[in-house]
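Number of protein chains: 2
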Amino acid sequence: MQKVFTMSFDPSSLTYNEAGLIPCIAQDEESQEILMMAWMNAESVSRTLQTNKVTYWSRSRQSFWVKGESSGHVQQLIDLRVDCDRDCLLAVVRQTGPACHTNRRSCFYTSIQKDEEVELMQPMM
Amino acid sequence: MQKVFTMSFDPSSLTYNEAGLIPCIAQDEESQEILMMAWMNAESVSRTLQTNKVTYWSRSRQSFWVKGESSGHVQQLIDLRVDCDRDCLLAVVRQTGPACHTNRRSCFYTSIQKDEEVELMQPMM
Numbered sequence: 022m023q024k025v026f027t028m029s030f031d032p033s034s035l036t037y038n039e040a041g042l043i044p045c046i047a048q049d050e051e052s053q054e055i056l057m058m059a060w061m062n063a064e065s066v067s068r069t070l071q072t073n074k075v076t077y078w079s080r081s082r083q084s085f086w087v088k089g090e091s092s093g094h095v096q097q098l099i100d101l102r103v104d105c106d107r108d109c110l111l112a113v114v115r116q117t118g119p120a121c122h123t124n125r126r127s128c129f130y131t132s133i134q135k136d137e138e139v140e141l142m143q144p145m146m
Numbered sequence: 022m023q024k025v026f027t028m029s030f031d032p033s034s035l036t037y038n039e040a041g042l043i044p045c046i047a048q049d050e051e052s053q054e055i056l057m058m059a060w061m062n063a064e065s066v067s068r069t070l071q072t073n074k075v076t077y078w079s080r081s082r083q084s085f086w087v088k089g090e091s092s093g094h095v096q097q098l099i100d101l102r103v104d105c106d107r108d109c110l111l112a113v114v115r116q117t118g119p120a121c122h123t124n125r126r127s128c129f130y131t132s133i134q135k136d137e138e139v140e141l142m143q144p145m146m
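Note that the protein sequences, when read in sequence, are chains A and B.
For the first sequence, our numbering begins at 22 and goes up steadily by one.
For the second sequence, our numbering begins at 22 and goes up steadily by one.
Hints were generated in silico from the structure; no laboratory data involved.
Be aware that one or more of the hints could be misleading.
Quick list of simulated restraints, FRET-style, between CB atoms [stated by the list, open to error]:
1. B/SER67 x A/GLU140: 20 to 30 Å
2. A/GLN134 x B/ASP106: 16 to 26 Å
3. A/ARG115 x B/MET145: 24 to 34 Å
4. B/SER29 x A/GLN143: 28 to 38 Å
5. A/ASP108 x B/SER52: 40 to 50 Å
6. A/GLN53 x B/GLN134: 15 to 25 Å
7. A/SER91 x B/MET146: 24 to 34 Å
In this text, a Cβ means the ideal position worked out from N, Cα and C, and glycines have one as well.
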């Protein structure tokens, strides 16, 4: 990959919504599967970069959410990317076990096909 | 892929934010690259499914945004997926040309590496 420019990174340079959050998509580095989408605040972004453990902000619990801290299904950060509008992040991760709380590898396990929803994958054992 | 259950789909069954929007991630069906993330309302979801042309809701213009309608850089819908919380969509697409308005294939063209931002790809010709 060609490095075209570099500049120093500051989490406050990202665009957050009115709640101070930015969406972050997690993609499996190996399979390239999209695992989940969750939210980060500026401090989550800093912690994720410092620890290489993907750390979201839980909107329901209103607290930091180190992915897999209780379940063991951690996401090791491989690469963190920013989009053109600086209002969405992409975390390329090494996922241990399922990413979804339903025990499926990915949260995106349902497909809409001809007005019907079809389940694409089952929970992991 | 094993089909575990099917049920009829209604766009109003999704969870939208206070502005009536749901984020939608676009992934290239072939390369599996994440191309962009934008927003849909319930009518965008219906139109996308009816036409197989990915149709977002432009927050800046407050209007429907048939991706590529003016640029020709259309996204043909291959599969539309819903996540476990029903508050995020994944559109698997066949992308014509660049997805990003900067003329890059993907909007996620910047990587954060050791407190520095590095450009990963250049605009397409």
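Hints, verified against the model:
Distance hint check: the CB atoms of B/SER67 and A/GLU140 are about 22 Å apart, consistent with the given range 20 to 30 Å. Judged by the Cβ atoms, the range 16 to 26 Å given for A/GLN134 and B/ASP106 holds: they are separated by roughly 20 Å. As the Cβ distance of A/ARG115 to B/MET145 is approximately 30 Å, the hint placing it in 24 to 34 Å holds. For the pair B/SER29 and A/GLN143, the supplied restraint of 28 to 38 Å is violated, since their beta-carbon distance comes to about 21 Å.
Look at A/ASP108 against B/SER52: about 23 Å separates their beta carbons, and that is not inside 40 to 50 Å. In this structure the hint that A/GLN53 and B/GLN134 lie 15 to 25 Å apart at CB holds, the actual value being about 20 Å. Checked against the given bound of 24 to 34 Å, the beta carbons of A/SER91 and B/MET146, roughly 49 Å apart, lie outside it.
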